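J.: If you want the building blocks of each chain, they are given just below.
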Amino acid sequence: MKIRTSEELFQLHNRFKGELENQRKQIVVCAGTGCVASGALDIYEEFKRLIEEKGLSSKAEVVKEVEDVTVKKSGCPGLCEAGPLVRVEPGDILYTKVKVEDCKDIIEETFIKDKTLDRLLFTKEDQVYSSRKTIPFYTNQTRLVLEDCGEIDPESIEEYIAHGGYLALAKALNEMSPKDVCDEVLKANLRGRGGGGFPAGKKWSQVLSYESDMKYVICNGDEGDPGAFMDMCIMEGLPHAVIEGMIIAAYATKAREGYIYVRAEYPLAVKRLTQAIKEAREYGLLGENILGSDLSFDIHINQGAGAFVCGEGSALIASIEGERGMPRVKAKRTVEEGLWKKPTVLNNVETFANVRYIIQRGADWFRTIGTENSPGTKAFSVTGSVNTTGVVEVPMGITLREIIFDICGGIKDGRDFKAIQIGGPSGGCLTAEHLDMPLDFDSLTEVGAMIGSGGMVVMDQDTCIVEVARFFMNFTQNESCGKCVPCREGTKRMLEIMEKIVGGQATMKDLEILEELGHVVTETSLCGLGKTAANPVLSTLKYFRDEYIEHIVDKKCRAGVCEALKTIRIRPELCKGCSKCARICPVDAIEGKLKEPYVINVEKCIKCGACIESCAFQAIEEV
Amino acid sequence: MVVTTTDVMETVDKILEEHGTDQSAIIAILQSIQKVYRYLPEEALTYLAERMDISASKIYGIATFYENFSLEPKGKHIIKICDGTACHIRKSQPILDALRKELSLHEGKNTTDDLLITVEMVSCLGACSLAPVVNVDGVVYAKMTPAKATELVRKLREGSLDEDKN
Amino acid sequence: MGIMIIDNKKVEFTDEKNVLEVVRKAGIDLPTFCYHSELSIYGACRMCIVEDDRGKIFASCAQLPKDGMVIYTQTPKLRKYRKTILELLLANHERDCTSCNITGRCTLRKLAHRFGIDDVRFGELDEKLPIDDSSHSIVRNPNKCIYCGDCVRVCDEVQGLGILSFTHRGSDLRISPAFDKSLSEVECVNCGQCRTACPTGAITVKDDRERFWDALLDKDTRVVAQIAPAVRVALGERFGLEAGTITIGKIVAALKMMGVDEVYDTGFAADITVIEESEEFVERLKSNQDLPLFTSCCPAWVKFAEYRYPELVDNISSCKSPQQMFGAVVKEYYRKKDEEDGKKTVMVSIMPCTAKKAEAAREEFVNNGVRDVDIVITTNELARLIVEMGIVFDELEDQSLDMPFGLASGSGVIFGTTGGVTEAVVMRLLKDKPDHTEKQVIFNEVRGLDNIKEASFNVDGREVRVAIVHGLKNADNLIKMIKAGEKHYDFIEVMACPGGCVSGGGQPAPIDSEIRAKRASGLYRIDRKSFIKSSELNPLVTELFEDFLKDKKEILHVHKNSEVSYGQ
Ligand SMILES: Cc1cc2nc3c(=O)[nH]c(=O)nc-3n(C[C@H](O)[C@H](O)[C@H](O)COP(=O)(O)O)c2cc1C
Ligand code: SF4
Ligand code: SF4
Ligand code: SF4
Ligand code: SF4
Ligand code: SF4
Ligand code: SF4
Ligand code: SF4
Ligand code: SF4
Ligand code: FES
Ligand code: FES
Ligand code: FES
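Protein chains in written order, with this note's numbering: chain A, 1 to 623; chain B, 624 to 789; chain C, 790 to 1357.
A couple of the hints might just be wrong.
To be verified - Distance condition first, Cα-Cα at most 20 Å in a straight line; then the derived EDC-like pairs of lysine to aspartate or glutamate:
{"hint": "1", "chain 1": "C", "residue 1": "K1269", "chain 2": "B", "residue 2": "D645"}
{"hint": "2", "chain 1": "B", "residue 1": "K714", "chain 2": "A", "residue 2": "E467"}
{"hint": "3", "chain 1": "B", "residue 1": "K766", "chain 2": "A", "residue 2": "D42"}
{"hint": "4", "chain 1": "A", "residue 1": "K531", "chain 2": "C", "residue 2": "D841"}
{"hint": "5", "chain 1": "B", "residue 1": "K732", "chain 2": "C", "residue 2": "E916"}
{"hint": "6", "chain 1": "A", "residue 1": "K342", "chain 2": "B", "residue 2": "D645"}
{"hint": "7", "chain 1": "A", "residue 1": "K332", "chain 2": "C", "residue 2": "D841"}
{"hint": "8", "chain 1": "C", "residue 1": "K806", "chain 2": "C", "residue 2": "D908"}
{"hint": "9", "chain 1": "C", "residue 1": "K1262", "chain 2": "B", "residue 2": "D676"}
{"hint": "10", "chain 1": "C", "residue 1": "K872", "chain 2": "A", "residue 2": "E516"}
{"hint": "11", "chain 1": "B", "residue 1": "K724", "chain 2": "A", "residue 2": "E563"}
{"hint": "12", "chain 1": "B", "residue 1": "K699", "chain 2": "B", "residue 2": "D636"}
{"hint": "13", "chain 1": "A", "residue 1": "K341", "chain 2": "C", "residue 2": "E946"}
{"hint": "14", "chain 1": "C", "residue 1": "K866", "chain 2": "A", "residue 2": "E512"}
{"hint": "15", "chain 1": "A", "residue 1": "K332", "chain 2": "C", "residue 2": "E805"}
{"hint": "16", "chain 1": "A", "residue 1": "K509", "chain 2": "C", "residue 2": "D908"}
{"hint": "17", "chain 1": "C", "residue 1": "K806", "chain 2": "A", "residue 2": "E337"}
{"hint": "18", "chain 1": "C", "residue 1": "K845", "chain 2": "A", "residue 2": "E446"}
{"hint": "19", "chain 1": "A", "residue 1": "K332", "chain 2": "C", "residue 2": "E810"}
{"hint": "20", "chain 1": "C", "residue 1": "K845", "chain 2": "A", "residue 2": "D442"}
{"hint": "21", "chain 1": "B", "residue 1": "K658", "chain 2": "B", "residue 2": "D630"}
To be verified - These stretches of chain C come out as covered by chain A in the derived footprint (C-beta under 8 Å, 3 or more residues):
{"hint": "22", "stretch": "850-856"}
{"hint": "23", "stretch": "867-874"}
What the hints assert, rightly or not - Distance ranges between label pairs, derived from CB positions:
{"hint": "24", "chain 1": "A", "residue 1": "E101", "chain 2": "B", "residue 2": "E640", "range": "46 to 52 Å"}
{"hint": "25", "chain 1": "B", "residue 1": "E640", "chain 2": "C", "residue 2": "E1227", "range": "51 to 57 Å"}
{"hint": "26", "chain 1": "B", "residue 1": "G761", "chain 2": "A", "residue 2": "N14", "range": "36 to 42 Å"}
{"hint": "27", "chain 1": "A", "residue 1": "K412", "chain 2": "C", "residue 2": "P919", "range": "36 to 42 Å"}
{"hint": "28", "chain 1": "B", "residue 1": "R777", "chain 2": "A", "residue 2": "K576", "range": "35 to 41 Å"}
{"hint": "29", "chain 1": "A", "residue 1": "D546", "chain 2": "C", "residue 2": "D796", "range": "38 to 44 Å"}
{"hint": "30", "chain 1": "A", "residue 1": "K576", "chain 2": "C", "residue 2": "P919", "range": "58 to 64 Å"}
{"hint": "31", "chain 1": "C", "residue 1": "E1227", "chain 2": "A", "residue 2": "S296", "range": "53 to 59 Å"}
{"hint": "32", "chain 1": "B", "residue 1": "K714", "chain 2": "C", "residue 2": "R903", "range": "49 to 55 Å"}
{"hint": "33", "chain 1": "A", "residue 1": "K124", "chain 2": "B", "residue 2": "K714", "range": "55 to 61 Å"}
{"hint": "34", "chain 1": "A", "residue 1": "Q505", "chain 2": "C", "residue 2": "K869", "range": "25 to 31 Å"}
{"hint": "35", "chain 1": "A", "residue 1": "A331", "chain 2": "C", "residue 2": "D796", "range": "18 to 24 Å"}
{"hint": "36", "chain 1": "A", "residue 1": "Q505", "chain 2": "C", "residue 2": "E999", "range": "42 to 48 Å"}
Since the hints were made in silico from the structure, they are not lab data.
Given the structure is predicted, the values throughout are model-derived calculations rather than measurements.
Glycine included, every Cβ here is placed at the ideal spot set by N, Cα and C.
Input sequences plus hints: build the corresponding full structure.
T.: Shown next as structure tokens:
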């Protein structure tokens, strides 16, 4: 069915909205990657089976009159750790860690007897939350882009339209010129969510200003930061929001073709986007003369093949063109000579997903959220040592303390906060002194970190900061495309030194070289990967130099993480002198006299751990 | 799998019918070839070079650039152990060690001799909250431990792993 | 157009394509590894970095000059960073300069010295990769590669072959033929253009100096040398002379000092080629068969055709290249004498070309069990031989070539540059026309360094269309147009190297369009000065045809096997 005019779209919107409101009884099963991994699809099937068995009819499509219970899937509402999640309406009841066996109870109790199942509710510090909206994880967020994520069925364009989808596009087409759209986005000061924070409106205006027979809009869904998955959440949960943003960008810049570049590790995102594009075409929202206007635009999906550097703009373009994904130097910028040397808009998934709100509610409204220089919200994926990990969306300018403690429930097991790595392998490390600093593009850059992709890894006292820096160095070194000398050779040598440090073989001279290399790599590399590769090392060196020195000079890892720096010792007060360990040691590192405490010769010991297990008196420990 | 020339040509021709021979389709084409053979046979790439009018070494360069492509046969089952930040911090390395031990694999040897199982480390699979995670033939298993992973492998070997979660 | 401030000095720029060119124009020699004015900009070595007035550091090769731009080329940071980059390169490099083929001409070594690298702090080359010396012409030592990509771009952008590519990534980055094969297993045509671009010893020319000395020092040999035209206008560069300086007299003198018995001119054989090839062309025009006729003097082109367009092999002239013709003639000429003297003639050719080494080794160039050409020495190898012998090149007294094969017409000499063969053939076809202006017009059309040149003229009422192309990518494009029916020619001259043999793979590097033009003009200068303008006027050639070659003309021709023979 093709929608030919905006008028028709409004009518459909009203119809679908009415139909959706009629679905009073709903079971919404989260079908994001996380919940699917914990078995959500079995649960979905089980609900369908049960309902039919019970003689209740289950209809998932909004277009049809619905009598009883609707079972449907949704995108990820962010609380993946507590998954699989099942939401029951009416009542906004959120069941967590649901098992297939629980489904029957949910139907019987909640639907038939109208009782909530306490054992499945979200619980924190003995407080049981019977409504999703009251959970601190949600009350402290500002969910704008992610508002509908977890709310609606990502595989149904009808639900998206019911929720006001594509109305922004209709508004842009009917009431605004391409230049108006660019100006509005510029005025909103929507800054790129992919890391750089470059104003999207500026890019769009520039692309609009170049005359060309062909222009392109590219959505960067490569999300290679190992530990960030907000963009995945959006692509899986709200594929149409991304598509709508791209169509508006195409209108604003007079582009005719679009590409979404998704990393191959996100098969579900690819599936949902493919489905959404197909539906949008069927409804005439992609293709020729969209909504009866002059705009013709279509979108292709390109799957990555495993290369982090392809998130970098020029490498991504090379990859779409069918080359090795090596960044290119260009005299002209992407906005002038991008894909196939044509003017190209390249924005991040979340950037595009913001656009509909700016167009519909206006730049002035948008600027009421966030800070003066960084308006709007930002999604972060918070992992590591916090009580509630997951995807959160907060206004720019919020503090780390609010995110870590108010939203994510503080540090796990009551341990102490040590540091947070923000922005993934290109970002930096922040410490307790930054907990109350407002988070936005500029303030983070000032302290040597960056929003980057939006990955946050919270670390407590049990995390070795040096090891984490080594991990990131290893990641970037592995992902370097190898084109330019400082990044190819420099990160390799930096990693060698980092390995020496955690292996207890480094000298202070190495530390000096490490830092020197860090600056060379940062300042002379060709692309962003190299330019930021040293950040994790340089920023941890800035705040935790003493821990580096401990590793180097004292050969000690205070978090007890670095294997090579561990030693095995016998606690004399517990040793009975039975000699069992000495007999089991493969390298004869344990010596002693029967009935007297034995000792381990650390020079000889290869830390195989065999003796620890052998001792019946638990006298041997790792320190 | 025995690779014969006519078979390769037919396969490549069929894939090209779908994707066309423009260079921009090369990655998708390689992905399709790999789907068929579970790796990229040299013969297929040589023939592809001819059909697409791209030099064979350029195709080789592309195939060796992207991590997902393999020029050596991979196992029937592919186990990807996530070593993204979240999973790394929650100890994904011991899972790898355990699986390597179980399958007699080591650094540089990722596939069992009987071509049944390939074990690789990958970065973030997008299920960080459930770290550490392991992906077996496209199905994600959450909150893994070395013991759970070993168990999984045993089931894979017996053919008793129920894999239709997705 | 605009003005930049470079190191506090105003510098005007016009159409320079990047900041680097402007800096060089200002007389500052910024170091580079990956920039070649004729290749695409790659921006990987980061040696050309400059700092702007806000302290931002960028690669000058990848930046457009802007009016009012303020940059510095020498700041404390830049100094340190360049040194570190060099040090990083050297750390991962097999640093055995003393036994490295390229030492003395190596850009890496020069820059390491220039920037005073006296310590390499970052570890060693981790894993030694095997050296590929399977080719007759080119040796690849990946342990000396700095991944500047110059070879990759030359082979792809100029030759359209893409034999070498980047493979793998990150610190595993490699340069190699497909599937890590050796050069002899792939369709490399031995042109050596990758060598002329390479700033290190990672790609070198197969060294045949030892074999040359062995022949010289063997009392039972008669060593006969032929010198190709392009050598005489380039060798001088290795001794500090301007490109294009003609040094043929000194070359003869040097070879004689080394003990070469006879020194001849390949231009003489070129004259034979002109006569034979013109005849063949006239025949084909008459029968209207196997047209267009392609020239056969460039072995890299022949090989290219064999690989890519086997169906065109019959269109290639059956004439041997001048090198091989010369070899065949000389070997035949000395056959009796050798028997009498109890000697063995060894034919050594001094060539600008790496592909000639492979050509000489092809199986079809054996006549009665005797190889036409035994040893091929490139211009660069000759320079090293001269130095090795201890000859002071500038002090050499000119000597003249030996007879009977030491005389070449102007036509024979301009074979060394693109268009030369065609000009000689045209000259010959129009030999009966007295009208010089018409010829001159045609020659003006065929001279110069345009990628593809064409001309047409009338022979006995038939319009003859000729095309001249150099660089195999251009040749490939031309053939594609012909196949598509967009172009029609009767005669096509193909030279694999840009500009022809003046920029062959065995010539001194670096080579750019300026050097190329200077060398070519050296050849035209010889032509202008020569008394014998065209091949058929070369009395020695005429004599040879009338006498010695009368019943032996088949030794001038080859029947190429259309089967692809790898590994040559
Ligand atoms: C190594 C590297 C990886 C990147 N990865 C991503 C990515 O995964 N997703 C993304 O949107 N941007 C990524 N970027 C940033 C992009 O280059 C580009 O700036 C961004 O997509 C522009 O969109 P925005 O302005 O909407 O943020 C990466 C940059 C670098 C240097
Ligand atoms: S900085 Fe690293 S990733 Fe970027 S071009 Fe250089 S080598 Fe490649
Ligand atoms: S096994 Fe335990 S108790 Fe016995 S000697 Fe060893 S440490 Fe002591
Ligand atoms: S850890 Fe292993 S090597 Fe060390 S003392 Fe114990 S048994 Fe011996
Ligand atoms: S390539 Fe250059 S630096 Fe390397 S060994 Fe040879 S001469 Fe020395
Ligand atoms: S330059 Fe130095 S290293 Fe080279 S040969 Fe002379 S002394 Fe030895
Ligand atoms: S010799 Fe010529 S064909 Fe061979 S690799 Fe070098 S540039 Fe390419
Ligand atoms: S072989 Fe030479 S030209 Fe090619 S990348 Fe290596 S150093 Fe550069
Ligand atoms: S153009 Fe001349 S130098 Fe170049 S390959 Fe051909 S014959 Fe050799
Ligand atoms: S995937 Fe279900 S809450 Fe994230
Ligand atoms: S880090 Fe393992 S799933 Fe994200
Ligand atoms: S010459 Fe500019 S980066 Fe190599």
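J.: Taking the hints in turn, state whether each one holds.
T.: Structure-based check of all given hints:
no.: 1; hint: K1269(C) <-> D645(B); verdict: 18 Å, holds
no.: 2; hint: K714(B) <-> E467(A); verdict: 12 Å, holds
no.: 3; hint: K766(B) <-> D42(A); verdict: 18 Å, holds
no.: 4; hint: K531(A) <-> D841(C); verdict: 17 Å, holds
no.: 5; hint: K732(B) <-> E916(C); verdict: 18 Å, holds
no.: 6; hint: K342(A) <-> D645(B); verdict: 18 Å, holds
no.: 7; hint: K332(A) <-> D841(C); verdict: 18 Å, holds
no.: 8; hint: K806(C) <-> D908(C); verdict: 36 Å, violated
no.: 9; hint: K1262(C) <-> D676(B); verdict: 13 Å, holds
no.: 10; hint: K872(C) <-> E516(A); verdict: 12 Å, holds
no.: 11; hint: K724(B) <-> E563(A); verdict: 19 Å, holds
no.: 12; hint: K699(B) <-> D636(B); verdict: 24 Å, violated
no.: 13; hint: K341(A) <-> E946(C); verdict: 18 Å, holds
no.: 14; hint: K866(C) <-> E512(A); verdict: 17 Å, holds
no.: 15; hint: K332(A) <-> E805(C); verdict: 15 Å, holds
no.: 16; hint: K509(A) <-> D908(C); verdict: 14 Å, holds
no.: 17; hint: K806(C) <-> E337(A); verdict: 16 Å, holds
no.: 18; hint: K845(C) <-> E446(A); verdict: 17 Å, holds
no.: 19; hint: K332(A) <-> E810(C); verdict: 17 Å, holds
no.: 20; hint: K845(C) <-> D442(A); verdict: 18 Å, holds
no.: 21; hint: K658(B) <-> D630(B); verdict: 15 Å, holds
no.: 22; hint: 850-856; verdict: holds (count 4)
no.: 23; hint: 867-874; verdict: holds (count 4)
no.: 24; hint: E101(A) <-> E640(B): 46 to 52 Å; verdict: 48 Å, holds
no.: 25; hint: E640(B) <-> E1227(C): 51 to 57 Å; verdict: 55 Å, holds
no.: 26; hint: G761(B) <-> N14(A): 36 to 42 Å; verdict: 40 Å, holds
no.: 27; hint: K412(A) <-> P919(C): 36 to 42 Å; verdict: 52 Å, violated
no.: 28; hint: R777(B) <-> K576(A): 35 to 41 Å; verdict: 38 Å, holds
no.: 29; hint: D546(A) <-> D796(C): 38 to 44 Å; verdict: 43 Å, holds
no.: 30; hint: K576(A) <-> P919(C): 58 to 64 Å; verdict: 59 Å, holds
no.: 31; hint: E1227(C) <-> S296(A): 53 to 59 Å; verdict: 57 Å, holds
no.: 32; hint: K714(B) <-> R903(C): 49 to 55 Å; verdict: 50 Å, holds
no.: 33; hint: K124(A) <-> K714(B): 55 to 61 Å; verdict: 25 Å, violated
no.: 34; hint: Q505(A) <-> K869(C): 25 to 31 Å; verdict: 27 Å, holds
no.: 35; hint: A331(A) <-> D796(C): 18 to 24 Å; verdict: 22 Å, holds
no.: 36; hint: Q505(A) <-> E999(C): 42 to 48 Å; verdict: 46 Å, holds
Hints 8, 12, 27 and 33 from the list above are not met by this structure, while the remaining hints are.
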